[in-house]
Amino acid sequence: MMKNIIKQALTDLFPSPGTVAEELGVETAEDEVAENGKKKKAKKKEDPPRVNGVLERDHAQYGYDIDVQLEPGELLAAVMIIDKAGFFIESITGVDWIKEKQLEVIYDFSRYDFDPCRVVVRTRTPRENPGIPTISKIFAGANWHERETHDFFGIKFEGHPHLVPLLLPEDADFHPLLKDFKP
Amino acid sequence: MSGPISIQPGETFTLNVGPQHPATHGVLRVKMEMDGEYIVQAETVLGYIHRMHELMGENRTYPQVLPNLSRLDYLGAMGYTHGHVLAVERAASIEVPERAEYIRVLMVELNRISSHLFWFGAFVMDLGGFTPLMYAIQDREHILDLMEAVTGSRLTYCYFRFGGLYNDVDDDFIGAVRAVIPRLRKSLKKYAALVTGNIIFRKRLEDIGPISAEMCRKYGATGPVARGSGIDFDVRKNEPYSMYPEFDFDVPVYHECDSLARYKVRMDEMEQSLRIIEQGLDKLPDGPIMPKKKPKLIKPPKGDYYQAVETARGSFGIRIVSDGSKNAYRFKLRSPTYSNMHLFDEACQGMMIMDALAMMGSLDLVIPEIDR
Amino acid sequence: MDLTIFNAVIAVVIAIAFAAANAAYLVLAERRGAGRIQRRPGPNVNLFGMLQPPCDGIKLMTKQLMIPGGADKALFMVAPVLAMAPAIMSFVTIPFSDTIVAHSMDIGVLMIFAFASLGGMSILLAGWGSRNKYGVMASVRAVSQNISYEVPMLITVITVVMMTGSMNLREITLSQAGGFWNWNIFPVSMADGNFMLQPLMPVSFLIFYICSLAETNRAPFDLGEAESELVAGFHTEYGSMGFGLFFMGEYANIVIGASLITILFLGGWDCPLGLYPGVWWFLLKIYLLIFSFIWIRWTFPRTTIYGLLNLSWKILIPISLFNLLLTAGLLKVF
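Heads up: the protein sequence lines correspond to chains A, B and C, in order. Each residue of the first sequence is one higher than the one before, counting from 1 in the working numbering. Each residue of the second sequence is one higher than the one before, counting from 1 in the working numbering. Each residue of the third sequence is one higher than the one before, counting from 1 in the working numbering.
Among these hints, one or two may not hold up.
Stated by the list, open to error - Calculated cross-link-like contacts (lysine-lysine; reagent style PhoX-like; alpha-carbon spacing at most 25 Å):
1) Lys299(B) <-> Lys99(A)
2) Lys237(B) <-> Lys3(A)
3) Lys314(C) <-> Lys203(B)
4) Lys326(B) <-> Lys99(A)
5) Lys179(A) <-> Lys326(B)
6) Lys179(A) <-> Lys299(B)
7) Lys302(B) <-> Lys7(A)
8) Lys182(A) <-> Lys326(B)
9) Lys156(A) <-> Lys137(A)
The set of hints was computed from the structure by calculation and includes no laboratory data. Only a predicted model underlies this, so the values are computations on that prediction, with no experimental measurement involved.
Could you build all of it, start to finish, from the sequences and the hints given here?
Structure follows, in structure tokens:
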């Protein structure tokens, strides 16, 4: 099954095998109880940051199969593995984690054949001076997706051939989807 | 047909196709460097109808965003709202009764037919045949009347709710749908005779606008654009969701990679949607349309969730990153036409402008969906 | 048939009036025809839409005529006039019946084609004078189309002229008198007691018909005004009466094309059974042909420019040249 193949290939990327990442949903039950109670926001413990690695997710609950988190430097190697395996690029987007002072870029890849496997690759970069290598040499479709992410979050994609605003006006210097954006 | 590419600098001129142009079907601007009639380079300029739906998704609660989704692709709005409610139901683990899912599938397929009919009329009008547009719109009116009776809107539907629907269908509706199906079948036969069999039309589309399967993969093209290039990918079959596993239908795939193949894919898809509708009407179970236990406030647990659905234009994806509050933390819309349009810049190099515009029509663009 | 100067002027004025009235009301006929083909009524208020053309005319005349800045004023203003005037002048020599012709010229055929070429020039002036890239592209296309289709048209006409022996339109029609079996469209003709067999005459008719469609820039050959691609082609920048003149010129050309087909191939004012020839048969025939033009326009999509030029240079011209040689040979034989 493609899921296992790609999971193995991506896991080989990481030097220390067997990393166990924290499930993001583990804190859920306690969070809900805390909020349904008396607004114990102050006492809620922060989730520990997720460790780099490969996770297999339940498709019915999350909608994707493999979840990879890595450093921006390992991005190109991972994307080349995914390209060789015959995935297509679905979308690239960003998330602004303002509390952790990081910007996350999420890459979605999927397959055309009947061996469905959706791979999500995440990478984080600090909020000041965000920079991530571009994958538009590998997947030509990443060109517009990265331009849009740059428009909305201000992330610089190093090596991008034409990083000008795509959806915003040409002279826009604001980034609307940042959490501290004031229109 | 490729033309001369070796030209001296200063010999080309820039032609602006759009933003106001009868062929682009929306506000799209393509800056083309032309050498006579041949396109040397094309650059698409977007953003003329950018309304920032993703920020609206972050500033509103989940139910408040529901109407936004139908403004993305107004011709096939049911598919988009379907994707949205499925994503939130997956995130918040809301159960949906069977009857509601069957009716949702019915509505989505009816909408797919009306979207393809409009595309068909506009496409043939682009090529110069003005009459099929009138016929297609008249047929589409039958479908729009049906939808209006149930949902109250003709175009931008906001019919689905988290957990089900807000209005049930009655026997009158089912009878009316059964009456419309043979009429649509007859129309499809007429279009096949009038348009698909016409030699001038075929000469306009055969071998025009070739898009290889590898190009589709690099750009992430889905939907009829990919199926016209031999890729057998339909989210309803590859990653089944909702009630689609219960239905028996085929996915038309053509391998010629040209505009005629994409055209034929959409015409066949209309027939397959009719099949699904017939089966849906037969299988429709009784029951409630909203679940008994529905949370008052929708607050999905932390994490990010993805849902892909097959709309008339391709695979629409919606990613909801939730931090446990009643607004989404990140509301990402992956529109199929965005990836399909990206192909155009590379694929139209060396073509004549007539052929490039024919190819653009065959990609089935709806610009508000690209710009969101 | 020479008339006195006064009568000649009256005849010319009536010919012009006929052309203008046709140009105006053919628009209405086209819109009604298009409507019926598309399953809708077309303009039908106010006396079945008969008041529509005068209202359109008044509207066009009262609109502001905008000249784009930087456009060549002389060319811009001359082009519509050049589109309309030759078409109307050609009416002078068309015989509506045995006795109704404004001025029957011995080189009538040549005159009409000379004026038709002027019409092609008006497209070029319009596109270039508008200083609009779409206009230039469209006029380049339209001019190449016009000159390509003049060639098979003229070759076919030479065929007919050879068979008849005269370029006078009235005499061409008279040589087909006496019933439909004498008409030039049919392979066998017994004109003036001479037996003449020319098997490719229907093909000539077809070639001439297609060339008329192309010369008048009608669909499926309407690349010059390809609405969906080039906004409005060579008349993008024309408002009010400039556009009105182009429009009227196009419809006048259509009437001339239909008249030519009738005269050259269908016997002009001749009755099918040879009984009561008269102007009403002429009018019936041209209006049937015009209805077929309208029908074809609203049914077929547009061809590509290279398909169009290929059709002319690679298909129509060889066939018409072969036809010409065949006619010459058969004339020697019979």
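Tested hints:
1. Between the alpha carbons of Lys299(B) and Lys99(A) the distance comes to roughly 20 Å, so the proposed pair stays at or under 25 Å and holds.
2. About 18 Å separates the Cα atoms of Lys237(B) and Lys3(A), which keeps this hinted pair within 25 Å; it holds.
3. As the CA atoms of Lys314(C) and Lys203(B) are separated by approximately 16 Å, the hinted pair is consistent with the 25 Å bound.
4. Our distance criterion of 25 Å between C-alpha atoms is met by Lys326(B) and Lys99(A), whose separation comes to about 18 Å.
5. The hinted pair formed by Lys179(A) and Lys326(B) meets the criterion: a straight-line CA distance of about 16 Å does not exceed 25 Å.
6. For a cut-off of 25 Å, the pair hint linking Lys179(A) to Lys299(B) stands: about 20 Å separates their Cα positions.
7. A distance of roughly 24 Å separates the Cα atoms of Lys302(B) and Lys7(A); the hinted pair therefore holds under the 25 Å criterion.
8. Taking the CA atoms of Lys182(A) and Lys326(B), the gap is about 21 Å. The hint holds against a cut of 25 Å.
9. Taken as a hint, the Lys156(A) and Lys137(A) pair is honoured in the structure, with Cα atoms around 16 Å apart against an allowance of 25 Å.
When held up to the earlier numbered hints, the structure conflicts with none and fits them all.
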